[in-house]
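J.: Sequence:
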Amino acid sequence: MFSDKRAHRLGDIVSVVISESATSTNTSKLTSNRAATGDPNGLGTGLVNQLINATGSMQGAGQKGVGKFPSFLLPKPAGQNPAILSTTGTGDYTGGGAITNSQVVTAQMAVQVIDVLPNGNMVVEGIRQVSFSKERQFASLRGIIRPADVSATNTVPSSAIADARIDIVSEGSLTDSQKKGWLMRLDEKISPY
1 MFSDKRAHRL GDIVSVVISE SATSTNTSKL TSNRAATGDP NGLGTGLVNQ
51 LINATGSMQG AGQKGVGKFP SFLLPKPAGQ NPAILSTTGT GDYTGGGAIT
101 NSQVVTAQMA VQVIDVLPNG NMVVEGIRQV SFSKERQFAS LRGIIRPADV
151 SATNTVPSSA IADARIDIVS EGSLTDSQKK GWLMRLDEKI SPY
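Going by the working numbering, the sequence shown opens with residue 1, and the numbers climb by one from there.
Watch out, some of these pointers could steer you wrong.
To be verified - Derived DSBU-like pairs: lysine-lysine, alpha-carbon spacing no greater than 35 Å straight-line:
id : residue 1 : residue 2
1  : Lys29     : Lys189
2  : Lys29     : Lys180
3  : Lys189    : Lys179
4  : Lys189    : Lys134
5  : Lys134    : Lys179
6  : Lys134    : Lys180
7  : Lys134    : Lys29
To be verified - Just the calculated beta-carbon pair ranges, DEER-fashion:
id : residue 1 : residue 2 : range
8  : Asn101    : Ser151    : 47 to 55 Å
9  : Ser24     : Thr155    : 42 to 50 Å
10 : Ser24     : Arg136    : 22 to 30 Å
The hints are simulated quantities; they were obtained by calculation from the structure and are not laboratory data. Positions of the beta carbon are idealized from the N, C-alpha and C atoms, including for glycine.
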């Protein structure tokens, strides 16, 4: 004489217990080292030294059209010619960051059976809006449930919903105060630091 109160037909209502949690962690580290030395006899700086020495040699050989050079530019005897130009450079960069994000959603809402599939599974959908103190919270849920997952109290856990789409969005001054201003967001986009 007792009828089954569990949802099983088009238009029936079932209560969904939403209990979702998500945690994500992302860590990155970058280290870069670079060193360079310009050999006084190498292609770059050595070439400059050789040109200066050759020009000085031409002046010493009495070539026409070559003016007087300061004595420090004139060639020295073999083995005494110091390097006039040499370079050394180093660069180090170390950077890193870590992001940990954890969210927990707990709620309960009623949804309606909007379609019954040939295998008996039910497509459910529902929207809920709650307003308080100039804050509005919108919750929407859509997914597919099996009749076997609906309990005797006509409830189903959100973990048993296939193809679940659960959206919970808040609007209002409290929510707006938690957001960064447009100038700060712009600064973060263009700042090189």
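J.: Between Ser24 and Arg136, does the beta-carbon spacing fit 22 to 30 Å?
T.: At roughly 27 Å between Cβ atoms, Arg136 and Ser24 fall inside 22 to 30 Å, so the hint holds.
J.: Mind checking the alpha carbons of Lys29 and Lys180 for me, to see if they're no more than 35 Å apart?
T.: Roughly 27 Å between the alpha carbons, so the hint for Lys29 and Lys180 holds.
J.: Would you check the hint for Lys29 and Lys189, treating anything up to 35 Å between C-alpha atoms as holding?
T.: Between Lys29 and Lys189 the Cα gap is close to 21 Å, so the pair holds against 35 Å.
J.: Is 47 to 55 Å respected by the C-beta to C-beta distance linking Asn101 and Ser151?
T.: 32 Å, violated
J.: Just to be careful, I want the Cα atoms of Lys134 and Lys180 compared with a cutoff of 35 Å; is the pair within it?
T.: Holds, at about 20 Å.
J.: Can the restraint linking Lys189 and Lys134 be considered satisfied, given a maximum Cα separation of 35 Å?
T.: 32 Å, holds
J.: Quick one, are Lys134 and Lys29 close enough, alpha carbons at most 35 Å?
T.: Cα-Cα ~43 Å, so violated.
J.: Verify the proposed pairing of Lys189 with Lys179, using a straight-line Cα cut of 35 Å.
T.: The hint holds at about 16 Å.
J.: Next pair to validate is Lys134 with Lys179; report whether the Cα-Cα distance is within 35 Å.
T.: 17 Å, holds
J.: Given the hint of 42 to 50 Å, is the C-beta distance from Ser24 to Thr155 inside that range or not?
T.: The hinted range 42 to 50 Å is violated for Ser24 and Thr155, with Cβ atoms some 29 Å apart.
Violated hints for the displayed structure, listed by number in ascending order: 7, 8, 9.
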